[in-house]
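Engineer: With the hints as a guide, bring both chains together as one complex.
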Amino acid sequence: GAVVSQHPSRVICKSGTSVKIECRSLDFQATTMFWYRQFPKQSLMLMATSNEGSKATYEQGVEKDKFLINHASLTLSTLTVTSAHPEDSSFYICSARGRRNTEAFFGQGTRLTVV
Amino acid sequence: AQSVTQPDIHITVSEGASLELRCNYSYGATPYLFWYVQSPGQGLQLLLKYFSGDTLVQGIKGFEAEFKRSQSSFNLRKPSVHWSDAAEYFCAVGAGAAGNKLTFGGGTRVLVKP
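In order, the protein sequences belong to chains P and L. For reference, each letter of the first sequence is one residue, going 1 to 115 in my numbering. For reference, each letter of the second sequence is one residue, going 116 to 229 in my numbering.
In case anyone wonders, no lab produced these hints; they're calculated from the structure. Watch out, some of these pointers could steer you wrong.
In silico DSS-like pairs for lysine-lysine, Cα to Cα no more than 30 Å straight-line [to be verified]:
| no. | chain 1 | residue 1 | chain 2 | residue 2 |
| --- | --- | --- | --- | --- |
| 1 | P | 64 | L | 183 |
| 2 | L | 183 | L | 164 |
| 3 | P | 66 | P | 55 |
| 4 | L | 164 | P | 41 |
| 5 | P | 20 | L | 228 |
| 6 | P | 41 | P | 14 |
| 7 | P | 66 | P | 41 |
| 8 | L | 164 | L | 228 |
| 9 | P | 41 | L | 176 |
| 10 | P | 20 | P | 41 |
| 11 | P | 20 | P | 66 |
| 12 | L | 228 | L | 176 |
Chain L on its own, in the form it takes in the complex (with noise of 0.2 Å):
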């Protein structure tokens, strides 16, 4: 069975300063790996998958992640954080058809200082 782990339950950064979050899964097949963001009651917008092919992914809100296969990981990136991309992050592994029965990692909140 897959599972995903996120080490860093809560990571707070400046503004303006650079953002990585980890993410490890286990699986026996080639993954496919999302990552989600997610505001206080809110539902989940995805930032970014990772299906097959070039393995630094391009994503919305500047976000970009990398798969390393030989390190079972998809950290999560983002240059220069704004105020708004304090949320939740979420980090997801799939299975089944185009990966969509997801198993979540456990999610790691992200605090931005002015």
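With the rest of the complex left out, here is chain P (with noise of 0.2 Å):
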């Protein structure tokens, strides 16, 4: 199957500071991308959905000028947590689908805690 790399696999950063994390398809061209987030023994909900080139898509509820998504090229879009606070604590997983895949593959997920 294809494959999607999260980078980094854990952060941990001060209050008020931002922090950035990467999405890559690896071995093909992810058209488009979603942003998922999981608090502590609960499920994912879908934060928003980028495409390639264009502005992302938030899901009702999720703060746009907080969580920055770019989608530049077609193998990498990254996820801005601006000035980041304990409550942004979670743990945040990409998931990426290119024009040929009938699926989307997730990457491995990247653990933040804001201290």
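Structural biologist: Here is the structure:
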């Protein structure tokens, strides 16, 4: 299957700083990428959908100015958590789909801890 | 809007015993349905999916699932579990192109007793 890589796998940052998470499709061109958030012992919630070269579409209740998504190329999407606060601590997972894929492939996730 | 319910939060099963995980969905059209498995601190691995056709779907690791439209269900089964099957399992319904915009159920944590 296709490979999606997320980096970093874990990050700890101070409150008020910004953190960037990368999601790369390694062996296919990802026309669409999805960003999810998972709180401890809870399910995944879709945050936003991004298509290459266009603005991301955010789900209701997700602050687009806080969670900046950039999908500048067909192999890379980034999620930047701006002015992070402890309540932003969570597990963030991306998935990516290419033109020829019938399914989206998930990255391994990024554990963000804001202290 | 679509929704997914996994009634069982935890299931404990003995190694070698059969396993069935329940999933009920709500969706206005023919659904795209998925089962994923997540090991602790890891991403998601697709076990199987249903788009159309045969309602009994075979997946990886010996899992299968049956789509029952009349019951709005997509239950996951495995005849004989292995200790390595201990994980969190998520059912999801998809919207959009190829159903990739996913709505997940709450998950079922499976514990396997020796």
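Engineer: Are the hints correct? Go through all of them and say.
Structural biologist: We went through each hint and held it up to the structure:
1. 64/P to 183/L: violated, 38 Å
2. 183/L to 164/L: holds, 14 Å
3. 66/P to 55/P: holds, 15 Å
4. 164/L to 41/P: holds, 24 Å
5. 20/P to 228/L: Between residue 20/P and residue 228/L the Cα gap is close to 40 Å, so the pair fails against 30 Å, i.e. violated.
6. 41/P to 14/P: holds, 24 Å
7. 66/P to 41/P: Judged against 30 Å, a Cα distance of about 24 Å means the pair holds.
8. 164/L to 228/L: Within the cut-off at roughly 28 Å; holds.
9. 41/P to 176/L: Cα-Cα ~24 Å, so holds.
10. 20/P to 41/P: Holds, at about 24 Å.
11. 20/P to 66/P: Given that 30 Å is the threshold and the Cα spacing comes to 12 Å, the pair holds.
12. 228/L to 176/L: Cα-Cα ~18 Å, so holds.
Of the numbered hints listed earlier, those contradicted by the structure are 1, 5.
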